[in-house]
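4 protein chains.
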Amino acid sequence: MAGNTIGKILTLTSFGESHGKGVGGVLDGFPAGIPIDTNFIGIQLQKRRSGGKAGTSARNEADQVEFLSGLSQGKSTGAPIAFWLANQDVNHTSFQEGVFKPSHAAYTYWRKYGFFDYDGGGRASARETAVRVVGGALAQLLLLREKVTVHAYTRQVGSVRLETDYQEIHLEKIGQNSLFCPDEECNRRMEEYLMRIQAENNSCGAVVGCVATNVPYGLGEPVYNKLHADLAQAVMGINAAKGFEMGAGFRAAGMNGSDYNDLFSANHRLQSNRDGGIQGGISNGENICFSVAFKPVPGIMRPQESCNEKGGEVWLQPSGRNDCCVVPRVIPVVEAMAALVLADHLLMYKTYQNYSYQQ
Amino acid sequence: MAGNTIGKILTLTSFGESHGKGVGGVLDGFPAGIPIDTNFIGIQLQKRRSGGKAGTSARNEADQVEFLSGLSQGKSTGAPIAFWLANQDVNHTSFQEGVFKPSHAAYTYWRKYGFFDYDGGGRASARETAVRVVGGALAQLLLLREKVTVHAYTRQVGSVRLETDYQEIHLEKIGQNSLFCPDEECNRRMEEYLMRIQAENNSCGAVVGCVATNVPYGLGEPVYNKLHADLAQAVMGINAAKGFEMGAGFRAAGMNGSDYNDLFSANHRLQSNRDGGIQGGISNGENICFSVAFKPVPGIMRPQESCNEKGGEVWLQPSGRNDCCVVPRVIPVVEAMAALVLADHLLMYKTYQNYSYQQ
Amino acid sequence: MAGNTIGKILTLTSFGESHGKGVGGVLDGFPAGIPIDTNFIGIQLQKRRSGGKAGTSARNEADQVEFLSGLSQGKSTGAPIAFWLANQDVNHTSFQEGVFKPSHAAYTYWRKYGFFDYDGGGRASARETAVRVVGGALAQLLLLREKVTVHAYTRQVGSVRLETDYQEIHLEKIGQNSLFCPDEECNRRMEEYLMRIQAENNSCGAVVGCVATNVPYGLGEPVYNKLHADLAQAVMGINAAKGFEMGAGFRAAGMNGSDYNDLFSANHRLQSNRDGGIQGGISNGENICFSVAFKPVPGIMRPQESCNEKGGEVWLQPSGRNDCCVVPRVIPVVEAMAALVLADHLLMYKTYQNYSYQQ
Amino acid sequence: MAGNTIGKILTLTSFGESHGKGVGGVLDGFPAGIPIDTNFIGIQLQKRRSGGKAGTSARNEADQVEFLSGLSQGKSTGAPIAFWLANQDVNHTSFQEGVFKPSHAAYTYWRKYGFFDYDGGGRASARETAVRVVGGALAQLLLLREKVTVHAYTRQVGSVRLETDYQEIHLEKIGQNSLFCPDEECNRRMEEYLMRIQAENNSCGAVVGCVATNVPYGLGEPVYNKLHADLAQAVMGINAAKGFEMGAGFRAAGMNGSDYNDLFSANHRLQSNRDGGIQGGISNGENICFSVAFKPVPGIMRPQESCNEKGGEVWLQPSGRNDCCVVPRVIPVVEAMAALVLADHLLMYKTYQNYSYQQ
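Protein chains in written order, with the working numbering: chain A, 1 to 359; chain B, 1001 to 1359; chain C, 2001 to 2359; chain D, 3001 to 3359.
Only chain A is shown next, with the shape it has when bound in the complex (with noise of 0.2 Å):
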């Protein structure tokens, strides 16, 4: 397994699997001096966290990170941080040892690897957005020195949907309610969505927004890692991730140009955002606003048919803890993965931001 990494100058390496010791994370080219808000962090591991909202497991994990690394004082000493977050809460029922859930990556893991960690999924189990979760909160506080903040919410839950378009959303608002929807009547709606998925033993899909504010102009290198296309391989590398939107997204398809376009206003303002605040691929001062579409998560209280290792047919029987929705506990997973592509396109840009041919 490659592929640990992500990041170009900002990077983040995670390790840990689900029911082993714990899961953790390097944070290396953080630049030295960065006040770390350990608070901050442990907001952002709290939302993570299941604990009695609707749609969450039992798993009660105290998430409770540990930094190894990388800080004197409250401070970042620009050595690399690495952090840890040991597993306490592990139940070791949730796969039927040799038998493939489907639409998981059970079955993937195993033809590659000739492995899967049957105890809890190892690699493939949510618990390695925690690792995620941490360094995108460092990641934060350093776009927190540029005045930028990420905002993810919930646009989505199965069937109840929020109409509302990303420019006319509160962003004060989204914390206040349970599952980070910005409207307390839609959010008191898709809690009861959720509660009747997990009353009849399924799960459902979901679709997270994110809303990045005071994002620097120039963020993005315009041709292969366009500014959007390395947020889309950062978010569709969230488990359960099947869709990404920038700006107005799919909907941009069935649009005409003169409808579409963002026109400039005086001083090069824009009268509107359907662009998503990234124009050839590079950040244009305007907000970033994305959505990630999620699949149900596979796991569900019912028999399945499936196979074992040796392909004879057989039923999956229910076990284990699972969430029936990525959502509440994605959304700092979401913001995580903004705050890092960000981060590392603003450190980036730091490389040339001196120069320009008008010199």
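Careful: at least some of the hints might be erroneous.
Subject to a maximum C-alpha distance of 25 Å in a straight line, what follows is the list of computed DMTMM-like cross-link-like pairs (lysine to aspartate or glutamate) [to be verified]:
no., chain 1, residue 1, chain 2, residue 2
1, D, K3075, B, E1309
2, B, K1047, B, E1163
3, C, K2075, A, D119
4, C, K2047, C, E2097
5, B, K1021, D, E3097
6, B, K1075, D, E3172
7, B, K1075, D, D3119
8, C, K2075, A, E309
9, A, K173, A, E191
10, D, K3173, D, E3200
11, D, K3047, D, E3172
Using C-beta positions, here's what the derived DEER-type ranges look like [said to hold, decoys possible]:
no., chain 1, residue 1, chain 2, residue 2, range
12, B, K1147, C, T2149, 37 to 43 Å
13, C, V2314, A, R145, 33 to 39 Å
14, C, N2267, D, N3091, 27 to 33 Å
Keep in mind that the hints were calculated from the coordinates and are not lab data.
Keep in mind the model is a prediction, meaning the values are calculated, not measured.
Cβ atoms here follow ideal geometry from the backbone N, Cα and C, with glycine treated the same way.
Fit chains B, C and D to the given chain A structure using the hints.
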């Protein structure tokens, strides 16, 4: 500008401007001994050429690729394969000097580099995609050695949509229709739509689907370089791409697990392929299916409210030659980006293919 | 600080400070199914420990490695292998606060990051090399699968030099002598030299040789990633390394081609190995032989003219615990760096091993 | 073949064969707005050309560089800079078909790729170094913006050695002498030596020194990408390089700390520069000084014992045109590789230059 190289083992480096001397690329990491069928490369370039098709501009480049290195007697030698496409039909009226085209890269380039190439668009022009097509065609020739094929097709043009699912498409019909829509009747309606849009001096968006067949299981690194994450990055880097979805994509967000999951039949065969051939970031042996959404081409033949470099409000007058839709010319570009990612992951997989936990 | 990851396919990421909680690493890209002989890893760590040997300091770390992830039942699973070595014997008097140790990293760190960790040296301490030893030992276990072995040995300590050529060294004798010099008599003289240097409160330099056997032909990318270029980078990254030579090295500069060239015998066997097993950047099937020069350890137990942070002239008073020579402790570190490079190139070679122009 | 790209932020990708159409390169990550003095590039190429100088072959390439992209009105635009050097004076008798030249890349290429380009040597020919010279000259122009200069010079040719130390060299004298040795008398003896070697149909090795001035402190990533580690990789990748040393290099191995250490004077000035301008992998503001050893050019005008592809013993007959020593033509190549590394690290340093622990 960094980010003109894509891939990890098989790397394509791109250079050249729309109205400069030409565009070219270097494909490194390509194995020795692969027969290079220049006919096939010509066919892919031909698909990308405009030439009287509905919705395409009048620019008429011969797109004769010249190989500069890396081949001997019709086979790859293992050395980097460099190639060059000279620009011939250059028209110096594409852009209004000093006025930004709305929803286009002109403004962000100018802010970032202090430079925008108003004479043709430079790196921001879709002319660069010819490089992708050649690099991608070479990757396809490598994939063909393992019987893997890649087929992109048109799913939507503006409001005209192909309703057929991935699974039911006849791949061999794609090439028979002018806009690469596998349904003849739908292709005809798309053509009419494009002609109307063009007559209205407007542009429109599109959705392109892509299917890769005979992909062996095991491709993809399951955490940050999931196969679909790298596909997302590669295709979102195509000009005007605004959305990506894998398998059922955004539709999955509205489904329940019991309806969504791809159940197993005997011998690890799947009863459905809603996941689009990838589970846990690793190919599972099924066809790989994804879609890309493109926004309307930003250049339209109407005056638009804009700004000049000083921020003054001016109207951008229509000029230059623009396709009114990325379809049909983007079809081989999507194939190219998919092939580059699949070939790169195929080579990566070989690094540990002979090792297995069960030995 | 970036640059805490080495390798392209097999990557080692390092973290931790000398007098912090500990040091650790993450080895990614390691194939599944490799038996992990922890005894062997312990032996390599034991070689790196100080402990009463001539020239070594009094710091006595147990160097018990704890594996945090990536192993199951004594084999690698394909997941990233993370490991941790807790610091135990920490002595807080290594550095004089605010005064720069001459020819040491203290000043350059302080200028670059605004921070130097006077309590132990942080990342600049040779404590970090324990991470390399563990990562390298894992790489050696992978290489052993292909029968490749890596042996470093002492060629020179201060003015005492082993005159034997690479070819005539008995590799099995290296481990029998305290300073890893394969010649018992020479080893004894080196010991005496080190004891004298230590008694004089001084330090001295050294040269370490390294031989890799059974290396298959074909490793190395022949332009910018020549096998010996990557070896040079890896071993020059060891603390205090100041020189690298491949095969005959600097001696080759004084030779003529007719004396130097490795002539062929029948069946592509070579009559000599002055090139050190690599030609054109690619291994040729002979033993791979190189040497590394190390400067004297900068810390000596004498007062030295120095500066404080404000630039004022002050004398640095002797303090802390220093080895007086990198030998013998650097021996397993050189082996580690060589093994990491060879294993990485071995995996890279597999990406095109099955392809050939002659097929 | 991978590994035709060097650098992390500023990347040079190289392509082309010795007797193919030409050789070329793509420099990506180069900032916008740098004036491109093509005279300077021509001077560097001119240094690399053979042309009647002692020890050089009769091949006479105009080495006219053609820029294909990335420049506008004499300045870089930020886009990748591609360039091309057409081959003109191609002689098809360089190699004896099917017989391996001893100590040359022919055999290892043939084993690895199943292909060796006996017509000119393909990628293994020093013709590729013209690409490095152009890329490096561009890097030098970037460095000049920060007043950094790079000077290589000849330290040794066969048994003739310049005994002057780095510190005492008059850099401006280097270019006044035919073999780039800053001492006129020594240069004359080197010339005589080369003419004798050539008359004897033999070849000889050499040592090249390099000094970079005005290098700001802070360049280099202090663990695996120490500045001198990256320099070592870059220059060891030059054809025929067999050794690298930083500052005092191998001589340091025989010294004691009390004689070696670079003591401080007031204001952080150093009293000596035995470390060669880098401590702990980071530049310290002093001149950066290193040396490279080259083996004798493998091609000599005498019959040599060799093998054919089937392994049969045959004598290789002398043929082709060979320099008898890498000096003087390698001088601008060493400068190029040093400049590429320094410029890359300069850009990298900018990513965290504005951050400091002490803020």
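Structure-based check of each hint:
1. D:K3075 to B:E1309: Holds, at about 20 Å.
2. B:K1047 to B:E1163: holds (24 Å)
3. C:K2075 to A:D119: Holds - the C-alpha atoms of A:D119 and C:K2075 are around 16 Å apart, at most 25 Å.
4. C:K2047 to C:E2097: Roughly 31 Å separates the two Cα atoms, so the pair is violated.
5. B:K1021 to D:E3097: Violated, at about 38 Å.
6. B:K1075 to D:E3172: Roughly 49 Å separates the two Cα atoms, so the pair is violated.
7. B:K1075 to D:D3119: holds (16 Å)
8. C:K2075 to A:E309: holds (20 Å)
9. A:K173 to A:E191: holds (16 Å)
10. D:K3173 to D:E3200: Violated - the C-alpha atoms of D:E3200 and D:K3173 are around 30 Å apart, more than 25 Å.
11. D:K3047 to D:E3172: holds (15 Å)
12. B:K1147 to C:T2149: 37 to 43 Å: This hint holds: roughly 39 Å between Cβ atoms.
13. C:V2314 to A:R145: 33 to 39 Å: holds (35 Å)
14. C:N2267 to D:N3091: 27 to 33 Å: holds (31 Å)
Hint compliance for this structure: hints 4, 5, 6, 10 are not met, and every other hint is.
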